[in-house]
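**Student:** Take these sequences, add in the hints, and give me the full structure.
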Amino acid sequence: MRKTGFLLASLAASLMASSAFAQDISVKIGVLNDRSGIYADLAGEGSVVAARMAVEDFGAAAKGMKVEIVSADHQNKPDVASTISRQWLDQDGVNAIVDVPTSSAALAVNEIVKGANATFINSGAGTADLTGVACSPHTVHWTYDTWALANGTGSAMVKQGGDSWFFLTADYAFGHALERDTAAVVEKAGGKVLGHVRHPFPGTDFSSFLLQAQSSGAKVIGLANAGGDTVNAIKQAAEFGITQAGQTLAGLLIFVGDIHALGLQTAQGLVLTESFYWDLNDSTREWSARFEKLDGDKPTMVQAGVYAGVLHYLKAIEATKTTDADTVVAKMKEMPTDDPLFGKGEIRADGRKIHDMYLFRVKSPEQSKGPWDYYETLETIPAAEAFRPMADGNCPLVK
Amino acid sequence: MFELLGIPPQALFGQLLLGLINGSFYAILSLGLAIIFGLLNIINFAHGAQYMLGAFVAWMLLNYLGINYWWALLLAPLIVGITGVIIERLLVQRLYHLDHLYGLLLTFGLALIIQGVLRNQYGISGLPYTIPSQLSGGQNLGFMFLPNYRGWVVLASLVVCIATWFVIEKTRLGAYLRAATENPTLVSAFGINVPRMITLTYGFGVALAGFAGVLAAPIYSVNPNMGADLIIVVFAVVVIGGMGSILGSIITGFSLGLIEGLTKVFYPEASSVVIFVIMAIVLLIKPAGLFGRTA
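Heads up: the sequence lines are chains A and B, in that order.
Our numbering runs 650 ahead of the 1-based position in the first sequence.
Our numbering runs 422 ahead of the 1-based position in the second sequence.
FYI, nobody ran anything at the bench for these hints, they're computed from the structure.
Possibly wrong hints are sitting among the right ones.
Think about it this way: if two alpha-carbon atoms lie no more than 25 Å apart in a straight line, the pair counts; the simulated SDA-like pairs of lysine to any residue are [stated by the list, open to error]:
1) K869/A with D651/B
2) K943/A with G560/B
3) K869/A with G560/B
4) K764/A with R998/A
5) K1013/A with L484/B
6) K727/A with I654/B
7) K842/A with L484/B
8) K869/A with A433/B
Only part of the chain B face toward chain A is listed, based on derived beta-carbon distances under 7 Å [to be verified]:
9) P550
10) I641
11) Y689
12) P690
None of the values given here were measured: they were computed from a predicted structure.
Cβ atoms here follow ideal geometry from the backbone N, Cα and C, with glycine treated the same way.
**Tutor:** Pasting the structure below:
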């Protein structure tokens, strides 16, 4: 009895010691993303949940760190994103901003963080410029980028025999860029681009454009659009029997939540590139089950990227005992990354996080064994080939 | 094979047919707007949200109660129509004696609230709704593959539009309605309950939007913003047809669908603008709209 009492007392003492140390480093992380608009499902509150899980799994409290997560809605507007970032960094003492989907908003935040003592870990945005011409010593781009998507879907599809393409492109900068990058990859891999049609953004009815794509006779119809446009285009392609007739749809930016919205009956056969899927291996399954309990849905790759990014950030702070952005980001790049979701990887000097990408095909309703069982893996694109070579990015940091 | 302006005739016929299908949605929606404006003098900006509500109610009926598409086609417009009646009784009714602008602001606010609540509840990515098995598949027409469901949409909307036009223009009930808008005091002197008639008219206009929503659910993404994207085009259709003109809105709806379809073949980039260009031209030449009467 006395022995147990002694043990408890010493345990309590050691706990007190560590909580005293906890006051030494305090970290404030701001999750800035879309909480009400078209990207609210793929980032939104789910990204906040993921960030909190990272803090918990890291065991911040036990390691003597006090970590606070705050969040805000940037409404996909660069000006709103800038205002919130400035307030967070100048007045609220935020050390790191994470997530930030929507390329234009991400580039605005990137500029602000570059000039401040803060870290930017982007998961949600697509633009490859974040680690190219706009790269910054304070920025890490974690999950994916347009180059990786174009490369994954484009070259892999040609390898699978889809060597003639027709593009259905949203008529604005993002769509044009995605089409241009993918077309370049397709042609480099030996494929042919037969034509394209530019649809107004946002569009509702795509049947007319789909029939033009159909009559082109291309083996692959590349959807260089996003969100509701992609969902509508896929829904109507199924209706007009385009996929059943043998043409393949390639979604160039599509997330697992979009597949959930479409239903497998409609989405089956679609080929797409992602860097994360909940059902990849035991550790992604285990983590995703915990996430689902808290959030209600399976995680998207953006939310997974927030988790992994925050985890690696906290590890770097633990190692350097500071939140100073230059020191921490340098440490993040120096330490190899290792987390249950993306496995082992690294962060390049230009800020690009390197890991495998996956080419998935959406299962048919018969193949699917239950809710959220959506993808079969066609190909794993090795980390070394998945992202744009550093020399091609024109990042001033590495010249 | 001969070609028309570089487009093979097969492709042209196909696109014309597709235009007609889109025109059906424009026609039903603008018909509802025209009725509400013509008889109540309210610019119903909530029309897009009510269209979206129709699609959502169909989805809820299927997923929570297991009620299939065909019943939803009947029940969802009824339910959406009843919400319209409640809105008219509680809110819209108080604005009849005020400027148009107040009705517009009220209904616009309502639209934002309805969209916001559903977005909060169901997210933004949309919900799946499959085509009923009786209408899946399609016909090969030689020049194009026509999904059965699209054919059904054209048929259903034509029937609904013509029936509505017939009731308002050719029956005794329609005559009361038209008389009540001309001179409500006189009509109520004949023992007709004018406020109730107006309420039901608003409910009917809203139910038409709900009906279009159910028709749209299997082919367009069912999400809280689906109506917001469409409503602006539909307003342009109403303006071109002439505010409040029943026949005008039906004919304009279908024909603008056709014109839009043609634009998608010849110059796709302009397809979202063409309706507004036509609207501007019509307003310059005939400010009351193609079928409108200047007061």
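**Student:** Evaluate each hint against the coordinates.
**Tutor:** Hints, one by one, checked against the model:
no. : hint                : result
1   : K869/A with D651/B  : violated, 31 Å
2   : K943/A with G560/B  : violated, 42 Å
3   : K869/A with G560/B  : holds, 22 Å
4   : K764/A with R998/A  : holds, 17 Å
5   : K1013/A with L484/B : holds, 24 Å
6   : K727/A with I654/B  : holds, 22 Å
7   : K842/A with L484/B  : violated, 44 Å
8   : K869/A with A433/B  : holds, 19 Å
9   : P550                : holds, 3 Å
10  : I641                : holds, 6 Å
11  : Y689                : violated, 10 Å
12  : P690                : holds, 5 Å
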